[in-house]
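Protein chains: 2
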Amino acid sequence: MKEKDSMQKGLDLVNRSEIAMLGTNADQGYPHIRGMIKMENEGLKKIWFSTNTSSEKAKQLSKNSKACVYFVDFEKWMGLTLVGTCKILQDAESKQRLWREGFEKYYALGVTDPDYSVLLFTAEWGKYYHNLTITAFEI
Amino acid sequence: MKEKDSMQKGLDLVNRSEIAMLGTNADQGYPHIRGMIKMENEGLKKIWFSTNTSSEKAKQLSKNSKACVYFVDFEKWMGLTLVGTCKILQDAESKQRLWREGFEKYYALGVTDPDYSVLLFTAEWGKYYHNLTITAFEI
Chain H
1 MKEKDSMQKG LDLVNRSEIA MLGTNADQGY PHIRGMIKME NEGLKKIWFS TNTSSEKAKQ
61 LSKNSKACVY FVDFEKWMGL TLVGTCKILQ DAESKQRLWR EGFEKYYALG VTDPDYSVLL
121 FTAEWGKYYH NLTITAFEI
Chain X
1 MKEKDSMQKG LDLVNRSEIA MLGTNADQGY PHIRGMIKME NEGLKKIWFS TNTSSEKAKQ
61 LSKNSKACVY FVDFEKWMGL TLVGTCKILQ DAESKQRLWR EGFEKYYALG VTDPDYSVLL
121 FTAEWGKYYH NLTITAFEI
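Protein chains in written order, with the numbering used here: chain H, 1 to 139; chain X, 1 to 139.
Some clues are possibly wrong.
If several chains are the same, the list does not tell them apart, and a pair holds so long as it fits within one copy or across any two.
[Stated by the list, open to error] Straight-line distance between alpha carbons at most 27 Å, and here's what the computed DSSO-like set of lysine-lysine pairs gives:
no. : residue 1 : residue 2
1   : Lys87     : Lys66
2   : Lys95     : Lys9
3   : Lys105    : Lys45
4   : Lys2      : Lys95
5   : Lys105    : Lys76
6   : Lys63     : Lys2
7   : Lys9      : Lys63
8   : Lys46     : Lys9
9   : Lys105    : Lys87
10  : Lys105    : Lys127
11  : Lys4      : Lys63
12  : Lys105    : Lys9
13  : Lys2      : Lys105
14  : Lys2      : Lys87
15  : Lys59     : Lys2
16  : Lys38     : Lys76
FYI, nobody ran anything at the bench for these hints, they're computed from the structure.
Nothing here was measured: the structure is a model prediction, and the numbers come from that model.
Please take these sequences and the hints and turn them into a complete structure.
Shown next as structure tokens:
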């Protein structure tokens with residue numbers, strides 16, 4: 001029950017968050033974090049982002065797909081960490097699916113721009129924090 | 001000039017942030033992120049946090065001190081990643097320095113509670129993001 005409740009609160013946080021923090025394994029064994037626009041999600045299991053193919057994060061993920069995604073509500077002091085793997089997708093369907101009006105400012109050549117990639121993060125487990133309590137769960 | 005300007009903007013972001021995201025190397029090669037109260041900072045070079053000695057993050061850092069700290073302004077879409085190492089401090093002076101009124105809710109035995117530790121993160125380099133531009137700098 002406690003797990004189910006935490007997963008639901010975590011999902012509410014994901015659904016209302018515009019920005020997520022993506023954690024990757026960077027060079028020389030250092031972790032790296034950057035904020036990303038959360039484009040779409042399928043429950044807590046899958047989260048889609050877009051990125052420049054030439055970006056550092058894409059290079060890091062092509063070497064090591066292990067990743068985490070963090071959502072936070074600063075006012076309510078709630079946090080959700082999802083742990084899993086993140087794939088770089090280049091297929092036309094995924095690129096079309098994620099494309100939004102105005103994306104030309106990131107990817108000048110449009111939806112077929114080779115510098116436009118989709119990131120699909122798939123969670124294996126997660127941790128929800130609120131009120132000094134951490135609840136872990138499989139996803 | 002651009003570096004100096006980005007470092008100053010990054011420092012302004014650190015100074016006004018109450019919460020930072022700490023990235024660590026967790027078990028089985030996965031990165032992990034969690035929000036932390038930023039207790040004190042010395043420019044961009046040093047950042048102090050407090051934590052439970054028994055916490056997962058303390059265990060992770062005792063195995064591998066490589067870490068990163070991320071600050072974000074959701075409204076202005078600014079982000080700062082600092083990369084370096086994070087030490088666990090148990091000495092009385094550090095513990096006294098970081099102790100705040102009300103900390104008993106985290107560390108029931110008070111300032112000498114063995115479950116109370118100080119984390120000192122020391123940055124080696126950083127990356128500042130704003131307006132589609134990333135600037136990297138040594139610290």
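Cross-check of the supplied hints:
no. : hint               : result
1   : Lys87 with Lys66   : both (9 Å within a copy, 24 Å between copies)
2   : Lys95 with Lys9    : neither (30 Å within a copy, 34 Å between copies)
3   : Lys105 with Lys45  : neither (29 Å within a copy, 33 Å between copies)
4   : Lys2 with Lys95    : neither (38 Å within a copy, 33 Å between copies)
5   : Lys105 with Lys76  : between (33 Å within a copy, 18 Å between copies)
6   : Lys63 with Lys2    : neither (37 Å within a copy, 30 Å between copies)
7   : Lys9 with Lys63    : neither (33 Å within a copy, 32 Å between copies)
8   : Lys46 with Lys9    : within (16 Å within a copy, 34 Å between copies)
9   : Lys105 with Lys87  : within (23 Å within a copy, 41 Å between copies)
10  : Lys105 with Lys127 : between (35 Å within a copy, 21 Å between copies)
11  : Lys4 with Lys63    : neither (34 Å within a copy, 32 Å between copies)
12  : Lys105 with Lys9   : between (34 Å within a copy, 23 Å between copies)
13  : Lys2 with Lys105   : between (44 Å within a copy, 22 Å between copies)
14  : Lys2 with Lys87    : neither (31 Å within a copy, 33 Å between copies)
15  : Lys59 with Lys2    : between (38 Å within a copy, 25 Å between copies)
16  : Lys38 with Lys76   : both (20 Å within a copy, 16 Å between copies)
Of the numbered hints given earlier, the model fails hints 2, 3, 4, 6, 7, 11 and 14; all others are met.
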